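Asks: Chains as they are written, first to last, in numbering that gives the first Met the number 0: chain Y, 0 to 162; chain X, 0 to 732.
Do not take every clue at face value.
As the list claims (entries may be wrong) - No more than 27 Å apart at the CA atoms, straight line, and that leaves these computed lysine-lysine pairs for DSSO-like:
id, chain 1, residue 1, chain 2, residue 2
1, X, 468, X, 284
2, X, 565, Y, 124
3, X, 591, Y, 124
4, X, 439, Y, 29
5, X, 441, X, 555
6, X, 384, X, 468
7, X, 441, X, 624
8, X, 591, X, 570
9, X, 570, X, 439
10, Y, 29, X, 276
11, X, 319, Y, 124
12, Y, 140, Y, 124
13, Y, 140, X, 276
14, X, 284, X, 319
15, Y, 140, X, 319
16, X, 276, X, 246
17, X, 415, Y, 29
18, X, 276, X, 415
19, X, 319, X, 555
20, Y, 114, Y, 140
21, Y, 124, Y, 114
22, X, 239, X, 284
23, Y, 114, Y, 67
24, X, 441, X, 730
25, X, 439, X, 565
26, Y, 29, X, 730
27, X, 730, X, 591
Think of the hints as simulated: they come from the structure by calculation, not from any bench.
The structure displayed is predicted, hence computed values, not measured ones.
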Amino acid sequence: MISFFLNGEPVSFDGDPNTPLLWVIRDDFKLKGSKFGCGAGLCGACTMHLDGTAIKTCVLPVVAAADKAVTTIEGLGNPEVLHPLQTAWIEHNVPQCGYCQSGQLMAAAALLTGKPGASSEDVDKAMSGNICRCGCYPRIKAAIMSVAESSLSYDAAAVEARS
Amino acid sequence: MSDQALTRRHFLKASGLIGGGVVVAVALPGCAFNGRHPIEVANAGFVPNAFLQITPDNEVIFYCPSDEMGQGIRTGLATIIGEELDVNPANMLVKAAGSHEDYNNPEFGVQGTGGSNAVRVFYEPLRQVGADTRALLLNAASLELGIPPEQLHTVDGFVVAADQRYPYGDFVETAASLDMPVATPLKAPADFRYIGSEAPRVDALAKATGTANFGIDADLPGMVYAVVVRPPVAGSKALKFDDSAVKTAPGVLAVVPVSSGIAVVAERYWQANQAAKKLTVDWEKRPLSSVTSTQVRQDLSAALEANDDTESSHVGDPEKAFAEADRILETDYYTPFLAHAPMEPLNATLRITENGADLWTGVQFVGAAQGVLERLTGLPRGDIKIHNQFLGGGFGRRATLSHIVEVAEIAMSIDKPVQLLWSREDDLRHGFYRPAAMMKIKAAANNEGRITAWQARRSGANITAQTMKNALPGVLPSLPTGLLNGLVGAMDYVFDNWAVDASSVEGLHETYSLPSYRVSHATVDHGLPTTFWRSVGHSYTSFAVESMMDELAEAKQLDPVALRLKNLEGKPRMQNVVAEAGRLMTAMTVRKNHHLGFAAHSSFGTDVAQIAEVSVTEGHIRVHKVTCVVDCGLAVNPDIVKAQLEGAVMFALTAALYGQIDLEEGAVVQSNFHNYPILRMDEAPAVDVVIIESETHPTGIGEPGVPPLAPAVANAVYRATGQRLRDLPLKLA
Numbered sequence: 000m001i002s003f004f005l006n007g008e009p010v011s012f013d014g015d016p017n018t019p020l021l022w023v024i025r026d027d028f029k030l031k032g033s034k035f036g037c038g039a040g041l042c043g044a045c046t047m048h049l050d051g052t053a054i055k056t057c058v059l060p061v062v063a064a065a066d067k068a069v070t071t072i073e074g075l076g077n078p079e080v081l082h083p084l085q086t087a088w089i090e091h092n093v094p095q096c097g098y099c100q101s102g103q104l105m106a107a108a109a110l111l112t113g114k115p116g117a118s119s120e121d122v123d124k125a126m127s128g129n130i131c132r133c134g135c136y137p138r139i140k141a142a143i144m145s146v147a148e149s150s151l152s153y154d155a156a157a158v159e160a161r162s
Numbered sequence: 000m001s002d003q004a005l006t007r008r009h010f011l012k013a014s015g016l017i018g019g020g021v022v023v024a025v026a027l028p029g030c031a032f033n034g035r036h037p038i039e040v041a042n043a044g045f046v047p048n049a050f051l052q053i054t055p056d057n058e059v060i061f062y063c064p065s066d067e068m069g070q071g072i073r074t075g076l077a078t079i080i081g082e083e084l085d086v087n088p089a090n091m092l093v094k095a096a097g098s099h100e101d102y103n104n105p106e107f108g109v110q111g112t113g114g115s116n117a118v119r120v121f122y123e124p125l126r127q128v129g130a131d132t133r134a135l136l137l138n139a140a141s142l143e144l145g146i147p148p149e150q151l152h153t154v155d156g157f158v159v160a161a162d163q164r165y166p167y168g169d170f171v172e173t174a175a176s177l178d179m180p181v182a183t184p185l186k187a188p189a190d191f192r193y194i195g196s197e198a199p200r201v202d203a204l205a206k207a208t209g210t211a212n213f214g215i216d217a218d219l220p221g222m223v224y225a226v227v228v229r230p231p232v233a234g235s236k237a238l239k240f241d242d243s244a245v246k247t248a249p250g251v252l253a254v255v256p257v258s259s260g261i262a263v264v265a266e267r268y269w270q271a272n273q274a275a276k277k278l279t280v281d282w283e284k285r286p287l288s289s290v291t292s293t294q295v296r297q298d299l300s301a302a303l304e305a306n307d308d309t310e311s312s313h314v315g316d317p318e319k320a321f322a323e324a325d326r327i328l329e330t331d332y333y334t335p336f337l338a339h340a341p342m343e344p345l346n347a348t349l350r351i352t353e354n355g356a357d358l359w360t361g362v363q364f365v366g367a368a369q370g371v372l373e374r375l376t377g378l379p380r381g382d383i384k385i386h387n388q389f390l391g392g393g394f395g396r397r398a399t400l401s402h403i404v405e406v407a408e409i410a411m412s413i414d415k416p417v418q419l420l421w422s423r424e425d426d427l428r429h430g431f432y433r434p435a436a437m438m439k440i441k442a443a444a445n446n447e448g449r450i451t452a453w454q455a456r457r458s459g460a461n462i463t464a465q466t467m468k469n470a471l472p473g474v475l476p477s478l479p480t481g482l483l484n485g486l487v488g489a490m491d492y493v494f495d496n497w498a499v500d501a502s503s504v505e506g507l508h509e510t511y512s513l514p515s516y517r518v519s520h521a522t523v524d525h526g527l528p529t530t531f532w533r534s535v536g537h538s539y540t541s542f543a544v545e546s547m548m549d550e551l552a553e554a555k556q557l558d559p560v561a562l563r564l565k566n567l568e569g570k571p572r573m574q575n576v577v578a579e580a581g582r583l584m585t586a587m588t589v590r591k592n593h594h595l596g597f598a599a600h601s602s603f604g605t606d607v608a609q610i611a612e613v614s615v616t617e618g619h620i621r622v623h624k625v626t627c628v629v630d631c632g633l634a635v636n637p638d639i640v641k642a643q644l645e646g647a648v649m650f651a652l653t654a655a656l657y658g659q660i661d662l663e664e665g666a667v668v669q670s671n672f673h674n675y676p677i678l679r680m681d682e683a684p685a686v687d688v689v690i691i692e693s694e695t696h697p698t699g700i701g702e703p704g705v706p707p708l709a710p711a712v713a714n715a716v717y718r719a720t721g722q723r724l725r726d727l728p729l730k731l732a
């Protein structure tokens with residue numbers, strides 16, 4: 000029995016501990032937002048957060064998530080309460096086919112959590128593990144940068160207010 | 000209620016009774032409510048035709064006849080119908096249409112999406128549906144309110160009378176009792192509120208929140224999972240196999256031989272995936288089994304050297320013109336096999352019960368998917384429902400049916416709903432491919448740069464014949480197998496011997512006005528399955544043609560843009576596109592060690608020119624920026640036009656820099672993204688798009704951005720290095 004937190008809720012899984020986390024989330028917990036793209040950790044469609052770090056779950060045995068916090072796209076935001084990145088995604092008309100976008104968003108969210116004012120180079124570096132076959136990269140980047148820049152100005156305003 | 004075999008009038012009454020709303024039918028071209036109603040009517044409200052449903056609480060639902068694979072068609076067609084219905088597409092619920100002949104693609108005659116034609120072919124029919132429905136609602140409002148229709152108007156889903164607003168939903172019951180107006184006049188473009196505006200995609204929210212459903216997300220009670228072990232060489236049959244270790248693996252429920260290989264069915268996907276690795280199979284040898292990529296290339300060259308190609312088209316007397324030319328350029332260009340690699344691997348979920356079959360998948364060819372299930376299951380067509388989901392990429396790959404055949408064969412042998420999923424390895428190794436092409440272009444121009452003679456020859460596998468072989472069982476579900484095989488054989492014979500598949504040579508001459516040309520083709524088919532790949536024949540012909548245009552310009556010491564303009568007489572739209580791109584190119588400030596390359600190409604009715612800004616460092620080609628100029632007629636949603644060009648640049652650049660499917664002993668070498676790389680963000684160029692303002696009928700946009708990119712980059716690489724690269728992918732010596 001492997002127990003972990005899934006989007007804040009305690010859950011447990013009783014199957015093969017080597018099953019990749021992606022399939023446990025999709026087939027056992029029925030959260031379908033995270034996608035299967037390559038099964039080899041090469042495309043990032045399956046990206047989730049493990050204790051806040053972006054991780055490719057198609058090659059991560061579920062046992063590696065034991066006692067940790069797993070966050071999926073369903074835990075990032077929802078159509079009623081959007082994460083700022085999701086708002087930016089819609090404002091920039093980012094998605095085309097949309098299949099990779101959950102993974103893109105999870106990778107971007109982890110980046111901005113660790114580095115709210117990420118630079119263009121930071122974004123390139125952090126996002127280059129996520130393939131978009133439709134080629135939405137310019138818009139993905141613009142959307143992330145818009146949030147990074149607004150958080151910078153927010154931080155600057157906060158610093159100013161404190162001083 | 001059984002809704003089969005209802006007449007239209009019966010249908011109207013029956014639905015009105017159960018729904019509390021009303022349904023009326025309208026005869027649109029190819030839209031006749033024959034047999035089963037296309038829309039699942041439950042508390043339906045007002046269903047005036049196959050495309051629209053308006054509920055009493057004023058929800059406007061649009062059933063989109065084209066498949067959404069990223070190209071933005073749900074937004075585009077919602078905009079078109081919404082314009083005339085006067086409902087903001089953002090306020091509509093847009094759903095995938097079910098499978099029904101009312102949704103047939105007007106040009107294909109079956110329900111399907113491809114050829115960048117959806118906006119072009121549905122532009123007028125859907126505006127008419129919207130306009131007629133709006134007129135009907137106004138008539139109903141007039142009756143109910145006692146106000147003449149000319150004193151009423153509409154604003155975004157509301158009928159407005161003086162200072163009162165009434166939701167459309169208020170009038171649906173009355174509307175159902177009236178005759179549908181026909182041939183209602185359409186708006187003048189100057190009055191458009193939605194068409195031509197940059198509006199958000201209707202699917203952006205779902206796709207930004209992980210709530211958009213793809214085929215892979217189907218999840219039925221009691222569903223089991225299947226994978227198929229396929230032969231390394233396409234078309235091989237299993238001579239014998241040993242499944243003893245498979246059957247004892249955890250979760251395995253069945254091992255099912257299918258026409259394409261051996262299926263392993265388990266309680267969970269991961270169990271099926273793991274168990275399948277324990278299967279040992281002896282596969283038969285095929286002629287393809289000895290083929291390598293090197294041999295493919297040699298055979299394609301040899302076919303052109305043998306000079307027994309079949310003419311596709313000609314104008315004038317190119318041989319005479321060549322004889323009169325003072326200098327002739329003749330050059331070979333080669334492009335490899337390519338895989339589509341959509342992000343969502345192929346999958347299909349099928350449930351067969353005594354009441355019929357339900358398929359959840361993502362296909363570009365709903366009509367043929369339904370047909371192939373009809374053929375394989377023997378169920379009446381009306382009992383087979385295709386629940387087409389969002390497609391996680393298509394690019395032509397999802398117009399093939401092999402995964403539908405597989406899931407049907409599996410589901411018929413086990414008594415449970417089954418989800419079939421291909422792995423990425425399956426996708427890259429067992430697919431249908433953009434065929435390799437050898438192209439020999441011979442050209443002569445006078446000193447002003449006017450081309451006097453042009454000969455373009457291509458060798459390789461046919462595209463259409465192979466695609467149709469795959470699709471025919473579904474397109475003609477009632478044709479007996481014997482006749483079907485005969486037809487397939489005849490098609491091969493025809494294309495091998497005396498007809499040229501237009502898709503295989505498209506783009507070899509059409510962009511320019513050539514006073515004399517000859518286009519011909521030699522079929523060389525090694526047996527690797529081929530099909531349409533985003534922009535089809537144009538994906539390789541543009542590389543040859545636009546490289547040759549640059550070579551001609553150099554030979555004549557002319558500016559490459561000026562040379563192209565010299566050869567666009569009588570093609571005002573492309574002339575304007577090239578001229579505009581030329582102006583932009585002249586005005587560009589180019590950074591030190593950066594070089595510009597130019598290319599233009601017409602495809603799917605749309606004219607595109609691209610300027611690639613490239614640098615080469617230690618043999619590494621880096622594309623910094625691509626500027627696109629496009630004339631696609633009226634841009635229904637300019638932001639989606641831009642997005643399609645941005646995406647096409649990335650798709651084509653992936654092919655130009657990396658794309659290569661190789662064969663060793665007939666088997667595809669590439670297996671996943673480590674050896675079939677896709678462009679990533681850190682390599683992605685900036686893309687600028689200039690859309691030529693136009694009010695002419697819209698033309699294609701999903702594909703036309705692909706063809707010019709590779710030659711634009713190759714032409715820039717030549718300027719950077721002096722190396723003229725005539726093979727794709729581009730590799731410096």
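Asks: Hint by hint, note whether the structure agrees.
Replies: Going through the hints against the structure:
no.	hint	in the structure
1	468(X) to 284(X)	22 Å, holds
2	565(X) to 124(Y)	45 Å, violated
3	591(X) to 124(Y)	25 Å, holds
4	439(X) to 29(Y)	54 Å, violated
5	441(X) to 555(X)	15 Å, holds
6	384(X) to 468(X)	23 Å, holds
7	441(X) to 624(X)	31 Å, violated
8	591(X) to 570(X)	35 Å, violated
9	570(X) to 439(X)	25 Å, holds
10	29(Y) to 276(X)	26 Å, holds
11	319(X) to 124(Y)	58 Å, violated
12	140(Y) to 124(Y)	11 Å, holds
13	140(Y) to 276(X)	39 Å, violated
14	284(X) to 319(X)	48 Å, violated
15	140(Y) to 319(X)	55 Å, violated
16	276(X) to 246(X)	12 Å, holds
17	415(X) to 29(Y)	19 Å, holds
18	276(X) to 415(X)	23 Å, holds
19	319(X) to 555(X)	21 Å, holds
20	114(Y) to 140(Y)	15 Å, holds
21	124(Y) to 114(Y)	12 Å, holds
22	239(X) to 284(X)	13 Å, holds
23	114(Y) to 67(Y)	22 Å, holds
24	441(X) to 730(X)	23 Å, holds
25	439(X) to 565(X)	23 Å, holds
26	29(Y) to 730(X)	45 Å, violated
27	730(X) to 591(X)	22 Å, holds
Of the hints listed earlier, those the structure fails to meet are numbers 2, 4, 7, 8, 11, 13, 14, 15, 26, in rising order.
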